[in-house]
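Going line by line, the protein sequences match chains A and B.
The first sequence begins at 62 in our numbering and counts up one residue at a time.
The second sequence begins at 62 in our numbering and counts up one residue at a time.
Hints should not be assumed to be uniformly reliable.
Given that identical chains are not distinguished, each listed pair holds provided it fits within a single copy or across any two copies.
The list that follows gives simulated cross-link-like pairs (lysine to any residue, SDA-like), each with its CA atoms no further than 20 Å apart [said to hold, decoys possible]: (1) K102 x T160; (2) K360 x I250; (3) K293 x E282; (4) K293 x L274; (5) K113 x P140; (6) K141 x F214; (7) K63 x E196; (8) K293 x L273; (9) K293 x E164; (10) K300 x T279; (11) K260 x P125; (12) K143 x V215; (13) K300 x R276; (14) K150 x G127; (15) K141 x Y129; (16) K63 x V111; (17) K293 x P278; (18) K63 x E164; (19) K293 x R276; (20) K293 x Y277; (21) K293 x S200; (22) K150 x P125; (23) K150 x I250.
These are calculated hints, taken from the structure and not from any lab test.
Below, each chain spelled out in residue letters.
Number of protein chains: 2
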Amino acid sequence: MKPLSRASAPAKIILFGEHFVVYDRPAVVMAIERRAYVTAKPRADNRIIVVKSREMGASGAFTPSGEYQPIEGGLEFEPKFKPIYIITKRILSLSGEETLGLEIEVDSSIPIAAGLGSSAAVAVASASAISSLLEMRLSRDEIFRLAFEAERFVHVNPSGVDPAVSTYGGILLYRRGEGIRRLDVEAEIPIIVGDTGVKRVTGEMVSRVSDLLMRYPTVVESIMDAGENIAKLGVEALKSGDMRTLGELMNMNHALLCALGVSNDMIERLISAARRAGALGAKLTGAGGGGCIIALPEKSNVQGITEAIRNAGGEVFVTAKAFEGVRIEE
Amino acid sequence: MKPLSRASAPAKIILFGEHFVVYDRPAVVMAIERRAYVTAKPRADNRIIVVKSREMGASGAFTPSGEYQPIEGGLEFEPKFKPIYIITKRILSLSGEETLGLEIEVDSSIPIAAGLGSSAAVAVASASAISSLLEMRLSRDEIFRLAFEAERFVHVNPSGVDPAVSTYGGILLYRRGEGIRRLDVEAEIPIIVGDTGVKRVTGEMVSRVSDLLMRYPTVVESIMDAGENIAKLGVEALKSGDMRTLGELMNMNHALLCALGVSNDMIERLISAARRAGALGAKLTGAGGGGCIIALPEKSNVQGITEAIRNAGGEVFVTAKAFEGVRIEE
Numbered sequence: 062m063k064p065l066s067r068a069s070a071p072a073k074i075i076l077f078g079e080h081f082v083v084y085d086r087p088a089v090v091m092a093i094e095r096r097a098y099v100t101a102k103p104r105a106d107n108r109i110i111v112v113k114s115r116e117m118g119a120s121g122a123f124t125p126s127g128e129y130q131p132i133e134g135g136l137e138f139e140p141k142f143k144p145i146y147i148i149t150k151r152i153l154s155l156s157g158e159e160t161l162g163l164e165i166e167v168d169s170s171i172p173i174a175a176g177l178g179s180s181a182a183v184a185v186a187s188a189s190a191i192s193s194l195l196e197m198r199l200s201r202d203e204i205f206r207l208a209f210e211a212e213r214f215v216h217v218n219p220s221g222v223d224p225a226v227s228t229y230g231g232i233l234l235y236r237r238g239e240g241i242r243r244l245d246v247e248a249e250i251p252i253i254v255g256d257t258g259v260k261r262v263t264g265e266m267v268s269r270v271s272d273l274l275m276r277y278p279t280v281v282e283s284i285m286d287a288g289e290n291i292a293k294l295g296v297e298a299l300k301s302g303d304m305r306t307l308g309e310l311m312n313m314n315h316a317l318l319c320a321l322g323v324s325n326d327m328i329e330r331l332i333s334a335a336r337r338a339g340a341l342g343a344k345l346t347g348a349g350g351g352g353c354i355i356a357l358p359e360k361s362n363v364q365g366i367t368e369a370i371r372n373a374g375g376e377v378f379v380t381a382k383a384f385e386g387v388r389i390e391e
Numbered sequence: 062m063k064p065l066s067r068a069s070a071p072a073k074i075i076l077f078g079e080h081f082v083v084y085d086r087p088a089v090v091m092a093i094e095r096r097a098y099v100t101a102k103p104r105a106d107n108r109i110i111v112v113k114s115r116e117m118g119a120s121g122a123f124t125p126s127g128e129y130q131p132i133e134g135g136l137e138f139e140p141k142f143k144p145i146y147i148i149t150k151r152i153l154s155l156s157g158e159e160t161l162g163l164e165i166e167v168d169s170s171i172p173i174a175a176g177l178g179s180s181a182a183v184a185v186a187s188a189s190a191i192s193s194l195l196e197m198r199l200s201r202d203e204i205f206r207l208a209f210e211a212e213r214f215v216h217v218n219p220s221g222v223d224p225a226v227s228t229y230g231g232i233l234l235y236r237r238g239e240g241i242r243r244l245d246v247e248a249e250i251p252i253i254v255g256d257t258g259v260k261r262v263t264g265e266m267v268s269r270v271s272d273l274l275m276r277y278p279t280v281v282e283s284i285m286d287a288g289e290n291i292a293k294l295g296v297e298a299l300k301s302g303d304m305r306t307l308g309e310l311m312n313m314n315h316a317l318l319c320a321l322g323v324s325n326d327m328i329e330r331l332i333s334a335a336r337r338a339g340a341l342g343a344k345l346t347g348a349g350g351g352g353c354i355i356a357l358p359e360k361s362n363v364q365g366i367t368e369a370i371r372n373a374g375g376e377v378f379v380t381a382k383a384f385e386g387v388r389i390e391e
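Next comes chain A alone, as it looks inside the complex (with noise of 0.2 Å):
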């Protein structure tokens, strides 16, 4: 056993397609270089693991018995930390080490129930630094279930793919009933990131788009078959690096998202922002209804679409396409 392992995550975004990836059509994933870091180490007093999370300013304990004691914070983290519990668990349990105590240290950049997979890219790297720890040679397809198990425990019918992208890195299509396909992109794509500040609403979002879905089907299916087509076209830029191409369909992807009524006037405020200060493209990603924002910008104007956002009252950061998914920190 090594005295400490350091692995990371990324966070990811969506390109195009979400709300219709609910109803069978394509979606495109993107990992981008915003990362959870996770560090395990053993500890002395045996089968106790500790997990803190800095950015929560939150720790616990959770005992043999797997009850979770808080030491920083209350009750309440609990089902913030109790994937990476299971994980460990799991992890202890496949490596003969029942009885070993951890201690797993989340610090994370990713913005938290902002709809960029913080929870995964935790979850992937937890599963990485803990395997590490024990020497393990897990594959990353073994990484992979690890995490989407214990997504299981805290979200209803998960699509797999916000561990899936943090685990594979690149870009993802995933299409339900198909499964995940890595794309092989070869294109730098920067990215822009615009935090509304409002947490999103994921489940509320989606009961509106099936509640619009059953009362205008023929509007709301021709729709998602717009969404699908530039889910399509969309790959297809990616290939070829067609940044002006990518830009336009996520402004279309985004309009068909307003159609569906997800965004509110804080996304349109910084979206608008993004594009007047010369983003080739601009939409929410995610469930919409709060959450983040995304702008693909050109090289010469990153700053000027920064400042846009921020003047427009989101929180912002840069960044762009994550090559490599999980990997351990030296």
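Since the structure of chain A is provided, determine the placement of chain B on it from the hints.
Quick look at chain B alone, frame taken from chain A:
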């Protein structure tokens, strides 16, 4: 011959289907209680046709040879007055009064070049006022045809919807190749019109859509399918007087127009203001890139929406469906 005759015809808004109509999809067009008034009287100086417009602060005379001589304002007003001159000559010829001189005065409260069908309303009211002056009992169909013929001189390939709605009033369903059908709608429909003050640029916007269709045919076709389905459901909502559905469909139609890139910042500002103030729906009307937005209010929030649009920088007026088309004013 009467000493004087005065007629009026209503402006129009497009409830559903602008742009899509160019690609053989249905459009729903409504006459509104904002009218162009035209007064016709004989002149002693035979064969001289004088045309005046109060709003434009312009007037001029067409000589027997058809030459335009400005009286007030310059030569730039000739194209504006030409359709009126064409209608006048045509009616004089039909009545056998070729040598009569006439004075035609236009007094219109319809914003010009804002997509509200101002020129068609003026043409229709002119045909009515002049034929009534000469005591010819023209049918509505004949008045429509006279105005439509004159429109052909100023617009390339006009659909005929504008003169039709100004002639017949109410709500029309139009589809290229299938012609124009009047819908039987009992409900009163209040409408708030917000003018961006930016002249719309129909040609540029139509090219933008045709360009997008060339580059993304599958996407744009699906968007137009959605637009067609919205128009069809819109007709049902109008017939049943379901204002809530009507508003929702207007919002969706607007988002599709955004997807086609024909909205702009000012349009979005006015629409967002109207929606925040409680409009059941809001959309651009006409070609976009400027021009007007329309908002569907509830009785209780007409004033709030009006103020919100004005505060957002729009000129605004409150109107409603015009049941009546062209009419003689006593």
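Status of each hint after checking the structure:
1. K102 x T160: Within. Shortest intra-copy distance 14 Å satisfies the 20 Å Cα cut-off; inter-copy 104 Å does not.
2. K360 x I250: Answer is within; shortest intra-copy Cα gap is 10 Å, inter-copy 50 Å.
3. K293 x E282: Answer is both; intra-copy 17 Å and inter-copy 14 Å each pass.
4. K293 x L274: Cα proximity of K293 and L274: across copies only (16 Å, versus 22 Å in one copy).
5. K113 x P140: within (13 Å within a copy, 76 Å between copies)
6. K141 x F214: Answer is within; shortest intra-copy Cα gap is 11 Å, inter-copy 70 Å.
7. K63 x E196: Intra 7 Å, inter 105 Å, cutoff 20 Å: intra-copy only.
8. K293 x L273: between (24 Å within a copy, 16 Å between copies)
9. K293 x E164: Result: close neither inside a copy nor across copies, 44 Å intra and 61 Å inter.
10. K300 x T279: This pair counts as between: shortest inter-copy Cα distance 19 Å, intra-copy 32 Å.
11. K260 x P125: Cα proximity of K260 and P125: none, with 34 Å in one copy and 72 Å across.
12. K143 x V215: within (8 Å within a copy, 71 Å between copies)
13. K300 x R276: Close across copies (17 Å), not inside one copy (37 Å); limit 20 Å.
14. K150 x G127: within (10 Å within a copy, 94 Å between copies)
15. K141 x Y129: Only inside one copy: K141 and Y129 sit 11 Å apart there, 79 Å across copies, limit 20 Å.
16. K63 x V111: Only inside one copy: K63 and V111 sit 18 Å apart there, 98 Å across copies, limit 20 Å.
17. K293 x P278: This pair counts as between: shortest inter-copy Cα distance 12 Å, intra-copy 22 Å.
18. K63 x E164: Result: close within a single copy only, 13 Å intra versus 100 Å inter.
19. K293 x R276: between (27 Å within a copy, 14 Å between copies)
20. K293 x Y277: between (24 Å within a copy, 11 Å between copies)
21. K293 x S200: neither (30 Å within a copy, 54 Å between copies)
22. K150 x P125: Result: close within a single copy only, 10 Å intra versus 99 Å inter.
23. K150 x I250: Answer is neither; intra-copy 37 Å and inter-copy 64 Å both fail.
When held up to the earlier numbered hints, the structure conflicts with 9, 11, 21, 23 and fits the remainder.
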